[in-house]
Amino acid sequence: MEIDISRLVKLARIELKPEEELRLAPQLGEVLGYVDKLKELNVDDVEPTAHASPLSNVLRKDELADSLCRDDVLRNAPESSNGLFVVPKIVE
Amino acid sequence: MTMVHSLTINQLIEKLRGGQLTSRQIMEACLNRIDSVDDKLNAFISYDVEDALAQADFADKARSEGQEGALLGVPVAIKDVIAVKNHPLNCASKILGNYESPYDATVIKKLREAGAIIFGRVNMDEFAMGSSTENSAFGPSRNPWDIDYTPGGSSGGSAVAVSADECIASLGSDTGGSIRQPAALCGCVGLKPTYGRVSRYGLVAFASSLDQIGSFTKDVKDAAIMLQVIAGADEKDSTSVPEPVPDYTVALSGELKGMRIGLPREYQVDGLDTEVKAATESAVAKLEELGAEVKEISLPHTEYAIATYYIIATAEASANLARFEGVRYGARIDGEDPEEMNCRTRGAGFGDEVKRRIILGTYVLSSGYYDAYYLRAQKVRTLIRQDFLQAFEHVDLIATPTTPTPAFKIGEKAKDPLEMYLSDIFTISCNLAGLCGVSLPCGFSEKGLPIGLQLLGRPFGESDLLRAANIYQEATDWHTKRPDLD
Amino acid sequence: MEYELVIGLETHVQLNTCTKMWCGCANEYGSDSNTNVCPVCLGLPGVLPVLNEAALRKTALTGFLLNCSVPGYAKWDRKNYFYPDNPKNYQLTQLDFPSTVDGYVNFESLGGIVKVRINRAHLEEDVGKSFHFADYSGIDFNRAGVPLLEIVTEPDINSAEMAYDYLNALKNILEYGAVSDCDMEKGQVRCDVNISVRPKSQSKLGEKVEIKNMNSFSGIRRAITYEFKRQVEVLEKGGTLVQETRRWDDDAGVTDSMRTKEDAHDYRYFPDPDLMPYRPSDEWLSAIREGVVELPLDRKMRMMSQHKIPQESADVFVREPLLGDYFEQAVKGVKNSRSVANWVINNLQAKLVESGTTIDGLTFSPAAIGELVELVESGKISGKIAQEVFNEMFKSGVSPLGIIESKGLSQVSDTVQLKAFCEEVIVANPASVDDFRDGKEAALNFLKGQVMKISRGKANPKMVDDLLREMLVD
Ligand SMILES: [Mg+2]
Ligand SMILES: [Zn+2]
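Residue numbers (the numbering used here), protein chains in the order written: chain A, 1 to 92; chain B, 93 to 578; chain C, 579 to 1052.
Quick caveat, the hints were computed from the structure, so don't treat them as lab data.
Please note: incorrect hints may appear among the correct ones.
Unchecked claim - Below, in silico cross-link-like pairs of lysine-lysine (DSSO-like), each with a Cα-Cα straight-line distance of 30 Å or less: (1) C:Lys839 / A:Lys89; (2) A:Lys10 / C:Lys839; (3) A:Lys89 / B:Lys132; (4) C:Lys657 / A:Lys10; (5) B:Lys186 / B:Lys132.
Claimed, not checked - To give an idea of the interface, some chain A residues facing chain C are shown, with a C-beta separation under 10 Å as derived from the structure: (6) Ile3; (7) His51; (8) Val86.
Just so we're clear, the structure is a prediction, and the values are computed from it rather than from any experiment.
Cβ coordinates follow ideal geometry from the N, Cα and C atoms, glycine included.
Chain A with its partners taken away, still in its complex shape (with noise of 0.2 Å):
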């Protein structure tokens, strides 16, 4: 089963080394052969299942509640500036 493993790290955005590349790719492949086992099964008429469990309607109170301290916010940031976290430049 072949994928097209260059599309797919630019969406999830991991940069492969090409030996890695060469790596990864036949044994995704192995992978995707063996779930497509599921496709013996029919399941037209199944709902899905999303949780493990049936709750519903779990809310909370628009209550206010401690915020962090800003240096607990920037502590772990690898560079900050002015209170923001910095980034290199967005360009669109």
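Assemble the complex: chain A is given as a structure, and chains B and C with the ligands must be docked to it using the hints.
Below, chains B and C with the ligands alone, put in the same frame as chain A:
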């Protein structure tokens, strides 16, 4: 003579209450044990001696002032995927860099309230993806029964730390068997509670609809104590279920008479190791002898469980792990623009298995493939869940081997991801169906490697599960065996 | 060839809840950067969202205001895309089971009342805000996780003017429902415009062009006008249009291409496993229904027919709902409702502006305005005195009657006294008297003015007029 660090929670609390031991003594014993064995085992990624001892002294002081707590003064090690305030949180990955969590997971809050000493970050497969703890940026952990073997995974470090008496109990997480499988391979008790029983707030998500936090302990009584502390609905987790928490330690006593145990016909798979088969069959015979009624059941969609799991889990993971991109925290490799920075950071920060799963998850959700893979898997998940709910109309518990084989050698399956995935055959369905499950020691292979018996229970049926397991343990002594590490 | 425009709008509106969508951080504009953030809205490892009840309630209320239905089942989905302002790199939104669907908005446009169908109004979360510097960008996550309502129309809009009118009408409705402050300056309303052009004879839609992230209504109007012209030009030159996303450059007054269909995003939507679905109960819905207010257009029509006030006055009251409410209280039991409307719009509003107070701060009741109008109507005081009474009312809060009594301002209608005033004026102004007798009508006005002056404004002007004419003829 039993060493201090080999005590169970139950025994330890009794000694602390009676004044025969202090928390400081037990904490020091565990730290000494780590000192002497962890170079070999690599269960711990990091631990803070000063902080651990300070917590121990605090517990001793509290006790001297008349305070009590289910875990007051008990050292508990934490899988590196659960957030502890001001402790490092790496998920055994390079990508988090020097990250320290500014908040406590709900289970950590609960452990603190019960008086536990929260100590150490234990090793795992990166982001809980794997079954061997080989996928760790901090090197593989090793099986204490034979260090050439893996301890299983992904919560390998949690299992090793308990089995090797480096701590009294530990927390792990189980998405497709990540608690039960390493518990089986290391010879301790691993409990995966029902989905929704324990809050996931503060557990770094791998697959949100499958993940659940649970415990590693030296026996079933301790598993009940740990569950009692960590169970319950949490207003910070919308998927936690407001089901009343019974008294699990009370539920331990009772008898097996009248309990119906099912053996799934479909679990007689090729590749089931003969020693594992024999050990689990004799464990089932023992349960029968103790009063249980054993019957065959059918779980017809078993053969689709692994495929279903690897679609759902990787899809959810592809979104869950998108937040690790170098903007707000973690290691960063710079680039010309945010996209390049993200790609480089993730390319260098994630290991092979994580990359494989993110790419697979991206694929099954991508335009044109969603219905064929993801939606179909969700529907098969419904069928798998129905299999179990129907089976539980006829039986109270299901008994299976936890793993098809005892521990495998380090490196043995590393090159073949699919073969590694297939070894999760007995544990994965439980997560898809949202059940509870436990693995407990039930024998050893000829090579001296532990074998685990898995019991699965109805959603929120932990009481039945723990009672059966405890009655089995009271009649056997597999759980008292310890690896020789000296 | 004649061309026509087909336009659909996706409007994002921030809901005015007290806290954010998934966490208890303040939903507040203008705080120091990264101070209204917590582990949840910062997307730290391990956090989980919990839905704010008020956001859901305001969504359902908006649905009702837009004549939508609220389905019995709604769920949340992840929309996956990387952007530095997007903390989880997926946005929680509602893809196939939104909270409200199938409504419409009626509004005034192009000289009549038009209708635009609403496909859906669904709930999602806002992202952080980027700031751009010379060689880097900076992100503030205060806005991340603020509840955002996305209101999607059917492609029922066919001109720039109609789009503009729709947006103003929508803003007005949301303000009426108090679900959003709709402050454009604070970026609380943002709009994506889907636009295509086709020959009038053609039934198939033209290629869809999307103009992203517009934040001013007049900008949207200009952008549509520009795009129409651009697309028609391409077609007339025999060119073809492509499906693409464009950006509006407000300074240059042009749009330019951001990306075409080929590099369109693949959002890989799937149901969010962390949030459970919502099944609204009948009780919950009926409680929300009670909060449904009269819509601006309905209010205008009703005011015009019920109070017989001109359209211009009704427009003011719809634009200024508090002033309108005030008017409706003041007008109770008063015959001359037009006069009440004039007092509220001209005098009261001017005085409020002049003194910098608001309606809430007034010390007299709306009924006092009605009383004042009735006093003028019954001839108890003149219009001029009424002004004086009103100023005093505004200052002291005393009722008009109270002011008139304490200051002796009530109109003099006693013939004997009025005759005395007239005689005094006739004697003192012989020249004007002669002028009037020579047929100069204006001279009478002067004499009347003199009577008003010596009566200190209290003389009944109608009676003075009659008396003077009577006395001068003799
Ligand atoms: Mg949207
Ligand atoms: Zn927050």
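- Item | Violated hints, by number in ascending order, as checked against the structure | Of the numbered hints given earlier, those the structure breaks are 3 and 6, listed in rising order.
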